[in-house]
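Asks: Line by line, the protein sequences are chains A and B.
According to my numbering, the residues represented by the first sequence are 1 to 475, in order.
According to my numbering, the residues represented by the second sequence are 1 to 409, in order.
Source of the hints: derived by calculation from the structure; they are not laboratory data.
One thing to keep in mind: the hints can contain errors.
Taking beta-carbon pairs under 8 Å as the criterion, some of the chain A residues facing chain B (in silico) [said to hold, decoys possible]:
{"id": "1", "residue": "109"}
{"id": "2", "residue": "210"}
{"id": "3", "residue": "345"}
{"id": "4", "residue": "347"}
{"id": "5", "residue": "413"}
{"id": "6", "residue": "414"}
{"id": "7", "residue": "438"}
{"id": "8", "residue": "439"}
{"id": "9", "residue": "440"}
{"id": "10", "residue": "442"}
Below, in silico cross-link-like pairs of lysine to aspartate or glutamate (EDC-like), each with a Cα-Cα straight-line distance of 20 Å or less [to be verified]:
{"id": "11", "chain 1": "A", "residue 1": "345", "chain 2": "B", "residue 2": "143"}
{"id": "12", "chain 1": "B", "residue 1": "128", "chain 2": "A", "residue 2": "230"}
{"id": "13", "chain 1": "B", "residue 1": "128", "chain 2": "A", "residue 2": "428"}
{"id": "14", "chain 1": "A", "residue 1": "306", "chain 2": "B", "residue 2": "145"}
{"id": "15", "chain 1": "A", "residue 1": "93", "chain 2": "A", "residue 2": "3"}
{"id": "16", "chain 1": "A", "residue 1": "306", "chain 2": "B", "residue 2": "140"}
{"id": "17", "chain 1": "A", "residue 1": "344", "chain 2": "B", "residue 2": "140"}
{"id": "18", "chain 1": "B", "residue 1": "333", "chain 2": "B", "residue 2": "213"}
{"id": "19", "chain 1": "A", "residue 1": "344", "chain 2": "B", "residue 2": "145"}
{"id": "20", "chain 1": "A", "residue 1": "345", "chain 2": "B", "residue 2": "140"}
{"id": "21", "chain 1": "B", "residue 1": "154", "chain 2": "A", "residue 2": "445"}
{"id": "22", "chain 1": "B", "residue 1": "200", "chain 2": "B", "residue 2": "141"}
{"id": "23", "chain 1": "B", "residue 1": "154", "chain 2": "A", "residue 2": "412"}
{"id": "24", "chain 1": "A", "residue 1": "384", "chain 2": "A", "residue 2": "428"}
{"id": "25", "chain 1": "A", "residue 1": "178", "chain 2": "A", "residue 2": "230"}
No residue lacks a Cβ here, since even glycine has one placed at the ideal position from N, Cα and C.
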Amino acid sequence: MAEHFTCDVLVVGSGPGGYVAAIRAGQLGLDTILVEDGKLGGTCLIRGCIPSKALIEAAEKFEQAGINASGNSGIGLTAATPKLDFKQTIAWKDGITEKLSSGVAGLLKAASVRVVSGWAVFENAKTCTVGDDKITAANVILATGSKSVELKGLPFAVNGDGPVISSTEALDLTKVPKKLAVVGAGYIGMELGIAYRKLGAEVTFIEAAKTILPGFDKQLSAPVSKWLRDHNITVHTNSFAQSVSTKAGKHTLTYADKDGVEANLTCDKVLVTVGRIPNTEGWGLENMAIDMDPKNNDMFVKVDGKCRTSMRGVYAIGDLVGEPMLAHKASAQGEMVAEIIAGKKRTFAPAAIPAVCFTDPEIVSVGMTPAEAKGKDIAITEGKFRWAANGRALTTGTADGGGFVRILALKDTGRIIGIQAVGRHISELSGEFVLAVEMNATLEDMAGTIHAHPTLSEAAMEAALSALGHPIHSV
Amino acid sequence: MGQYIFKMPDIGEGVTEAEITEWHVKVGDKVADDDPICDAMTDKATVELTAPTSGVVTSVGCAAGEIMAIGGDLIIFETEGGTESPIPTPIKMEAPKVEKPKPAPKPTPKPKAKAAPAPTVVSTPSSKPLASPAVRRRAEDQDIDLSLVPASGKAGQITHGDLDAYSKGGGSTLQKLAGGTDIKVTGMRRIISKRMSESKRRIPHFSYVESIDMTELERTRVHLNATRVPHQPKLTLMPFFMRAMVKAVKLWPQCNATFDDDADVITQHNPVHIGMAAQTSGGLMVPVIRNAESQNIWQLSSEIARIGEAAKTGSIAPEELSGSTISLTSLGKLAGVMATPVINRPEVAILCPNKIVDTPVIENGQMVVRKLMNFSTSFDHRVVDGFHAAEMVAYIKGLLEHPATLFID
Chain A
1 MAEHFTCDVL
11 VVGSGPGGYV
21 AAIRAGQLGL
31 DTILVEDGKL
41 GGTCLIRGCI
51 PSKALIEAAE
61 KFEQAGINAS
71 GNSGIGLTAA
81 TPKLDFKQTI
91 AWKDGITEKL
101 SSGVAGLLKA
111 ASVRVVSGWA
121 VFENAKTCTV
131 GDDKITAANV
141 ILATGSKSVE
151 LKGLPFAVNG
161 DGPVISSTEA
171 LDLTKVPKKL
181 AVVGAGYIGM
191 ELGIAYRKLG
201 AEVTFIEAAK
211 TILPGFDKQL
221 SAPVSKWLRD
231 HNITVHTNSF
241 AQSVSTKAGK
251 HTLTYADKDG
261 VEANLTCDKV
271 LVTVGRIPNT
281 EGWGLENMAI
291 DMDPKNNDMF
301 VKVDGKCRTS
311 MRGVYAIGDL
321 VGEPMLAHKA
331 SAQGEMVAEI
341 IAGKKRTFAP
351 AAIPAVCFTD
361 PEIVSVGMTP
371 AEAKGKDIAI
381 TEGKFRWAAN
391 GRALTTGTAD
401 GGGFVRILAL
411 KDTGRIIGIQ
421 AVGRHISELS
431 GEFVLAVEMN
441 ATLEDMAGTI
451 HAHPTLSEAA
461 MEAALSALGH
471 PIHSV
Chain B
1 MGQYIFKMPD
11 IGEGVTEAEI
21 TEWHVKVGDK
31 VADDDPICDA
41 MTDKATVELT
51 APTSGVVTSV
61 GCAAGEIMAI
71 GGDLIIFETE
81 GGTESPIPTP
91 IKMEAPKVEK
101 PKPAPKPTPK
111 PKAKAAPAPT
121 VVSTPSSKPL
131 ASPAVRRRAE
141 DQDIDLSLVP
151 ASGKAGQITH
161 GDLDAYSKGG
171 GSTLQKLAGG
181 TDIKVTGMRR
191 IISKRMSESK
201 RRIPHFSYVE
211 SIDMTELERT
221 RVHLNATRVP
231 HQPKLTLMPF
241 FMRAMVKAVK
251 LWPQCNATFD
261 DDADVITQHN
271 PVHIGMAAQT
281 SGGLMVPVIR
291 NAESQNIWQL
301 SSEIARIGEA
311 AKTGSIAPEE
321 LSGSTISLTS
331 LGKLAGVMAT
341 PVINRPEVAI
351 LCPNKIVDTP
361 VIENGQMVVR
371 KLMNFSTSFD
381 HRVVDGFHAA
391 EMVAYIKGLL
401 EHPATLFID
């Protein structure tokens, strides 16, 4: 029986942008409908941030168990050779995403949000159909997210049939591939490639740029490069993947190497992680009379500082509206848009959006980097503190891979404008870093805040002291 | 051991005194030859004075912010080695009253022009006002533009308290204010103040405004810009005005003159050195386009760009800031409807083009749109009669309305 729903707010997509928008809209008393075709939680919860972190954690534990078994742990611990039931690993991961997804369902219910399961197709800016049903809304929040970029010559396997996979399939493999080729050494490829190396795969990277992790500067990516070298991972930079061929069950990836010479690589799986593009097709965007952003070849939906599109009452958030394509940006925009619809005055103007890379070691980048400051002719003071001089880092193994905390402040006022770090298990420090930047903390603020000993966080304080010219624990 | 008395050098034509705005050394400091010792500001520029010798500073002639006469004892060094010492005086300090045999002094250290000290501004990566997320949210809720809220926090940050103070009065953003800020007039501001009052005190100004149809000239200028070859600069209106001035003062030489009203002498100048008022971070400066009469439109354009930039960056030489015989001032994009410019004493005339406005005009009974511009002028009534000024302005109007005549002798 076809039904016609009406509501104050229609949210399309239940990722970290959409579900947060819907919950906040519901909390504010707006009659809200959320449409989702798959599981609640979107890319982040189901096939992105969370499951990849589960896999990374499992890989790390397995690697450590192997080190323990080898008797080389350095702490006098020996254990039997570990065995990995990878199917169980994936099931464990699925359990986590399941738990979070049902948690989102509970939160939506508590906020009185109606969830409609199905694929929304807009016939005009305020009306969409979902199956036989129709929904008309006063306000629409588009949160359709993004998908992995497919390379010409390397089409993704359909239904798991074929060697070429995206990050989605990489999180649902039934066994660890013996040989894994990763095309694209950005943060997604790096995270998964390193995890699979720890799980026992032989991993090779093919990267078009001249370095790994092109989004981070050399100082930050150097400890990751070292880890790759130490773990016999080959990285072919300035190289371009071209095609995959299969003969007698064996897959061969063909690529042009740095000299433009064709080369081959046999592998069991080819993971393509060369970026993500917003989902702008297949749901009637073209019927909504919404402008695209000419700054990026019309790839993203154009929005203003309040995430308003060119159509009144239609908002777009998250990956759909541009870089950085990060869950926490989408959530912040979703919350803001719900509040704007409820009549509050809000603008999306963060001082910084943190970026975290869960490689080994991990990388955190908040605010401005030295190269950016130089490019903008901003006079800065820089301070750095190495994990090697932090007690807690030595006990947790954080210092093993090298790394440091780097702090940047304006030369004239000492206001902190950027903090970056690289080191094992340091992603949690991102909170302090971004708070310092948002609160306009100065070097004196950071240095004058007593940090608990012994913790990794002391390094941020020491980096500030170093920028002020009087570090205690370094010379 | 010897003593070297470094006298305040002559740092520009006609300069009799300078304000020492900042000392880079203090008594007891060891300095090397050519080390910067202080910044001296004249009505022309700020220059950095460097040490003429190496030695230890034993005394400085004045405190920062004080005026030093040219030739006064600026700084005294105790130097090592006899030959280096140009003034072999006993170590005992004794004011050299009698004229001493002047030892061949080291060449006066070349003054390096230096940017006028800019007001302290908290530089930020963006021009956004600084405030924590909670303060930003509160401000937005209350419709307060944070860029209007005075900041009291560290590093120029707006605090909750600042916001409270700003919005006191039932959420109204309007509030009574009390008190004020005393600013000691020093440096460039002091020079500007002195010169302006002298000009207004001594010169009986009269101003005269004419309306000029710029349609044809604009057409010519746009055409020249469209067809210029790569090495030619982009033309603004300024070089055209200068051409017109050069032609006009040939016929009314009393306008290209300086008046020494102490000596009662008017000097009519043959060369046309045009002072060009320029706003810099430190205040008003008047760099000079020399011999405008000998430069074509492209040369003038290049020179205007060069000297304007030099004034802004502070790299301008003192001699490029003096010797003008008539001035041209323009407020650029602002330009306004009319102005009563202040004469750059001892000159006797200053011209000021205003904004060009598309204006409906009746021509042959038809309404047409023309680009009209007001042209404001001020003259020294002691030297220039009103009738002659009006005649000259009418002549300039004719030149600008028929651009070809700018280039026909």
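Asks: Each hint needs a verdict: does it hold in this structure or not?
Replies: Results for each hint:
no.: 1; hint: 109; result: violated (28 Å)
no.: 2; hint: 210; result: violated (28 Å)
no.: 3; hint: 345; result: holds (5 Å)
no.: 4; hint: 347; result: holds (6 Å)
no.: 5; hint: 413; result: holds (4 Å)
no.: 6; hint: 414; result: holds (7 Å)
no.: 7; hint: 438; result: holds (5 Å)
no.: 8; hint: 439; result: holds (5 Å)
no.: 9; hint: 440; result: holds (5 Å)
no.: 10; hint: 442; result: holds (5 Å)
no.: 11; hint: A:345 x B:143; result: holds (8 Å)
no.: 12; hint: B:128 x A:230; result: violated (45 Å)
no.: 13; hint: B:128 x A:428; result: violated (28 Å)
no.: 14; hint: A:306 x B:145; result: holds (16 Å)
no.: 15; hint: A:93 x A:3; result: violated (37 Å)
no.: 16; hint: A:306 x B:140; result: holds (12 Å)
no.: 17; hint: A:344 x B:140; result: holds (9 Å)
no.: 18; hint: B:333 x B:213; result: holds (18 Å)
no.: 19; hint: A:344 x B:145; result: holds (16 Å)
no.: 20; hint: A:345 x B:140; result: holds (6 Å)
no.: 21; hint: B:154 x A:445; result: holds (10 Å)
no.: 22; hint: B:200 x B:141; result: violated (50 Å)
no.: 23; hint: B:154 x A:412; result: holds (12 Å)
no.: 24; hint: A:384 x A:428; result: holds (18 Å)
no.: 25; hint: A:178 x A:230; result: holds (19 Å)
Checked against the numbered hints given earlier, the structure breaks hints 1, 2, 12, 13, 15, 22 and satisfies all the rest.
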